[in-house]
Amino acid sequence: MDRTERILDLVALLLDAREPISWAELREHFPADYGGSDDAAERKFERDKAELVELGFPLSYVQGDDERRDGYLVDRDVYYLPEADLTKEELAVLYAAGSAALASGAFPGRDDLAHALRKIGFFAGESLPTPRVRMELGTGQEGQEKEVSARLEQLWEACSTHKWVHIVYGSPKQSGPTERRVDPYGLALRRGVWTLVGYCHLRQGLRTFHVHRIRDLKVNTARPRTPDFEVPADFSLDAHVAYFPWQYRFHAPMEVALRLSGPLASRAGSLFPGAVLEPVEEGVTRARFPVTFVDGLMRFVLSLGADCRVEGPPEARERLEQMAARILEKHAVVDGNGQRVIA
Amino acid sequence: MSNVHERLRRLLFLVPYVSKHPGVTVEALAKALTISREDLLEELDLLTCVGRPPFNPDDYIDIYVDNDRVYVDLDQRLFAPPRLTAGEAAALAAAAELLRPATGDALQSAVSKLEGIIPPAARERFRDMYRKIDATAEAPLALGPLTQAILERREVTFGYASPGRVPEPRRVRPYELLSNRGQWYLQGFCHTRQDARLFRLDRMEDLAVTATAFQPPADARADVPNPARGTTGDSVRVRFTPTAAPYVKERFGQDARPLADGGVEVRVAGDSERWLTQWVLSFGGEAEVLEPASARAAVARAVHASLGS
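Protein sequences, first through last, are from chains F and Z.
Following our numbering, the residues of the first sequence are numbered contiguously, the last one being 391.
Following our numbering, the residues of the second sequence are numbered contiguously, the last one being 1374.
Think of the hints as simulated: they come from the structure by calculation, not from any bench.
Hints are supplied without guarantee of correctness; some may be wrong.
Among the chain F residues that face chain Z by a calculated CB cut under 8 Å, a handful are [said to hold, decoys possible]: (1) Gly-83; (2) Ser-85; (3) Ala-144; (4) Ala-145.
Covered stretches of chain F (in silico footprint by chain Z; criterion: 3 or more residues with CB under 8 Å from a CB of chain Z, positions within the stretch not fixed) [claimed, not checked]: (5) 265-275; (6) 309-317.
For every residue, glycine included, the Cβ atom is placed at its ideal position computed from N, Cα and C.
Generate coordinates for the entire structure from the input sequences, incorporating the hints supplied.
Structure (structure tokens):
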């Protein structure tokens, strides 16, 4: 019998049973499947049982007594999905976000997510809100969505079962790809890019990896039901993943003050979330915040144009001037005699 | 995940779904399960063989297609789907985090209700898995009222600052929210401009949902334009140093031409001088516009403006 069919038969049998069903009875019911040697039959049933547990089937083995015999029993009340009594707003949030994540093509646990959405929609009938939220996430280069999506799915499984992964990683900072074993602690999404955070056995420490830079990934398949590692209790994803380039931890924190004027003054809060904002004069705002990668901030400042000035510290201002000088040198105008004319 | 697992999850949902929606069309059922019509018919075939011992005629699931509609007469107690597994609930809760700042209390209460409908034994695993995806920081506050306005089909007003300009009042029919590379946009019809427009959420201020209702068009999908690929034929050649090359290659792939020094060269659209200069400046000296001369001069001008010189 086909394995899918056999497991469904088991579900139907157990959901209907009022008394525990013993292993001997199961063997009688499925002679072709659980026949053969005792060992082989038991192993086969163990695998089927594991699958049922994975599906959330509340199967337990009861020890018999005077009243009852030994055997397998399912708790029907725990099996069936009850109504969650979600309000219209709650359903809208879950549905809009879930559908958007699913449609984005790159969200970890896509299969799980699709099933979850179906299930919460089961009792909603026709009143399911139409989601009008769409997300394009997760890839560096166009056309990479499929690969990123597949990696995220593998990582979701490895994260949830606590199995290590072997990755081939292409960092732009290294000349060639590196191979390493990583204990995956979790996945974080920042500005449309997925990052894996985990313990890197090569570097012997916590490291972050952009998922779109993982060229190859294998999940440890040995002893699939035994966890390979424990995530430290105080671990927090957010503490390890930068949202903006100036938050990459390349040097000790330095407080930078920016002066924002014109149209940027009112956008200071959204440009630099978390910054301390102070009004300087009418239409001018000062933003102060800690920076751990000053070059990353200075590049962004340059791209903002005349309405953003660096007030301090001097090291930051100096970096900005060095970058500016380099750009000007590269973009100098050359006159008819081949002489550089400062633009 | 194995194929068997995926299939079982689907079938354990399929029977209750048909039980709840007797006479659902084959097409609607396939859509609800996101599978093809052929795959669905195959699944229905398999289900007719499923039953419980001793496998008398009444012990089988009786599911059939009649006149392109699906019915189930004997569901063998599969009248409701199984509860959410820890993984399913965690993936959904983590996805909902994408809209967290925008959703107020609804997200928190939805997540605790989700936790309430997973088997008690799976709750710890749910909490463990839920922590493994962090997508919280992505959504701006304006998503909340805008989602509400889209669902209730009501017009919105806000002040909008086009690049380099002071904010102007706009009145807009909101159609769709979309996020591209971490940037959120509202797509809608702008009464002020009498045209379809895409608005960046971070450029909006004083957002208000009005009482004016509207009927959205059937398909109001828009794509975020990629400024590197313009509409006119004029292109700009930009060269990158070996330091910046890997990042550029990542984004441009084959379109990034390798140079002898380890750098790369790309051609991008010259439609928007503003975008081009910002983009070149954001590489902080690792990028150089080769031609045209007008674009080189624009970059130099922008640097002077930034320095205030």
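The hints, checked one at a time:
no.	hint	verdict
1	Gly-83	violated, 14 Å
2	Ser-85	violated, 22 Å
3	Ala-144	holds, 6 Å
4	Ala-145	holds, 4 Å
5	265-275	violated (count 0)
6	309-317	holds (count 4)
Violated hints, in rising order: 1, 2, 5; the structure is consistent with all others.
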